[in-house]
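K.L.:
Now for the letters of each chain:
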Amino acid sequence: MESLHPRIRVVWGVGAVVAAAVLTVVAGVGIRGADAVGIDLGRVAALDVALPLALGVVAAVLGAAHAVAHYRIWRFDLQEDALYLERGVLTRVDTVVPFVRVQHVDTQRGPLERATGLASVVVYTAGSRGADVTIPGLTPERAQALQSDLRELARESEQQDAV
Amino acid sequence: MKLHPISLPYRGVSRGFTGGSALFFLGVVAAGPFGLEGLALTVPLAVVGFLAGVAYEVAYYRRFEYELTEDTFDIDSGVVARREREIPLHRIQNVDISQNVVQRALDVAVLTLETAGGGQTEASLQYVGYDEAKRLQSELRRAKNGEGRSERSGDAAESESDGWTGDGTTAAPRDRTDEPTEQLFAIRTQELLLLSVASVSPGALVLSVVFFPYVDLVDLSTIFALFTPSTPQPPILLVVSRLVALVIGAWVISAALTFARYYDFELTRVGDELQYERGLLQRYSGSIPTEKVQTVTMTDNPVTRRAGYATLVVETAGYAAGQAAGSESAVPLARRDHVRDLAKSVEAFDEPEFERPPERARRRYLGRYSLAVGALTAVLYGANVAFGAPTQWYAALALLVVVPVAAQLTWTHRGYDVQDDHVLTRAGFWTRTTKVVPYYRLQTVVRTRTVFQRRWGLASLTADTAGSFSIRKRDATAIDIDDEDAVRLRDTLRERLQGSLRERRERLRSGRASGDADLASVDDAESSVDGDGSVGSPTESADDDDTDGGTDGDASGDPDGTAAGSDDGSDGPDDTAAN
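Just so you know, the sequences run in chain order A and B.
Oh and the first sequence: position 20 is 20 in the numbering used here, straight run, nothing missing.
Whatever position you read off the second sequence (first residue = 1), add 1000 for the numbering used here.
FYI, nobody ran anything at the bench for these hints, they're computed from the structure.
Note that beta-carbon positions come from the ideal geometry of N, C-alpha and C, so glycine has one too.
A few chain B residues facing chain A, derived, Cβ under 7 Å:
#1 VAL1445
#2 VAL1446
#3 THR1448
Kindly produce the complete structure, drawing on both the sequences and the hints.
P.N.:
Quick look at the structure:
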């Protein structure tokens, strides 16, 4: 079993902080808006700034904790006939993707991933649920290698069929 | 070939009215600012709009050409942006025909082609003669099955292409005679009535709210008053009785819709395909290719179950029969044993014996439903404190009585069964759904455990196929089974998938050895359509398959080292770091 690159925690952590910041702004604007239209929030109104900030901090801390836990749980493995993945903090999910079912394989690099020097591999199947399986937090070299391995394994299966 | 000539005036008039009315209303809006008399602007604009609509349709009709060739279905179309499409025949999964009342009077129909992996229709011919639609449907089936085009069907195509006034009215019956046709099911009046009464669609509740407020009995204001703080609170009994009236209204509407939808339902087997026809006002005819079947589903609800009836749904890749119109099925309602026989004729599974979730799952449901009732009561109480309504918030606690019953029912209706070639799952009390998944259709196998499931040592296992209930996401899932069983089941499914692929491959190979071109072409079609591939893993075939041991060994290396070997070769440093 292979785990992800530790730097994925940074990617997820930054994502959580950004989400928390958005939440803070939304909550702040919401309270201001309620004040403006004359809705009496009672004691809450006194916490005009403090409440959104507190919300944001809690969300950021929870997000960061989630990122750490998520990294610890994430595992994947190229097994003899299938790609096997384990993930999920609250809901644990493990998935078996037989190589024969692999339609195509992509590598992806989002802006955050590029900044941290990471990449993801996306494996597509024809299934109706989770038709694409993403393995995040790989070094670009590992992602390339994994992509070509998977492509090779998927193609080998197909070639045999053509014989 | 051109569309049916009647489609020119038909489309022209309907498009003309759309264009005309659009510009008419534009004129109404514009007349004011320009200080014009309304009629001076609106009437000419409406005429211009109508003419523009008609002109567009004339161009559309003149431009639209379709042709069925040896291995593609070609469509050239488009007035502004032109489009030339070639659809490979082996990619076509379903060929559907529909007619509304007007189209039936004019003897024309809409023909739609569905391909795998698309939520939307690949091509739509509006409109062709009904017989021409039928002819295309059977031609396509034949060509798809690799039978090649017989002399006779070639004749038919020619006789039609030499003049679009002919429209194949004579060709169709001739074509259909040489197909082995067998009627599998025709709905009887009492079944149709039962189906109508037993199927309540949620959408009908909305219609009921829209149409029935005028009836005093269903006066909605009483119901709203219950939740409005400032008004006097109506007695709870009155509210309940009016809610009941609303539900009955919804029921009647829904029954009428169902009746019209499945009126005169008929299912036939034609060659390798199932074909159905149905509908009172709008008539549908569709095809379900059996060799492309991903999942077979049987459903029933408390009413139909009690009466001994069930529904059969057959899913192919990317499309369930007549999906576009909502909940469609291969057989809307038939006696349960009949449904089971039909299902078995599509997928040869054994009589199921379901393994229920462990006892502790039932206790879990008991706790869960009690919590839900508690939460509902808390919300109502909160509303009472905050807004002073509803005053009788504690009435919700009465639901506690049904909690044990609900838990028991949920538990008894869940289960799974592992058979030689299929895995079956079952769940749901209101709509009890039994799914049959052949191993060789498995795509991925997913085990999930929520926080709560982990506390009870339970898990859910999903056997995903390329079937297509994508909207409702009702995959074949064994819910709340013992976690260790889930792991075992996951490994079993995985092994059986490889085993069944190996078996299929060998069968195809021996078929090919004896020179059977049919099997080969069927296999080609499948592997390109739904990624089935029909193969085993490289390692397993090297192990078990001595017929082609030599070539396989060369291709995939030593049995155990395939995955690991390529890993090591390409990315040594990372691999060791990760391990």
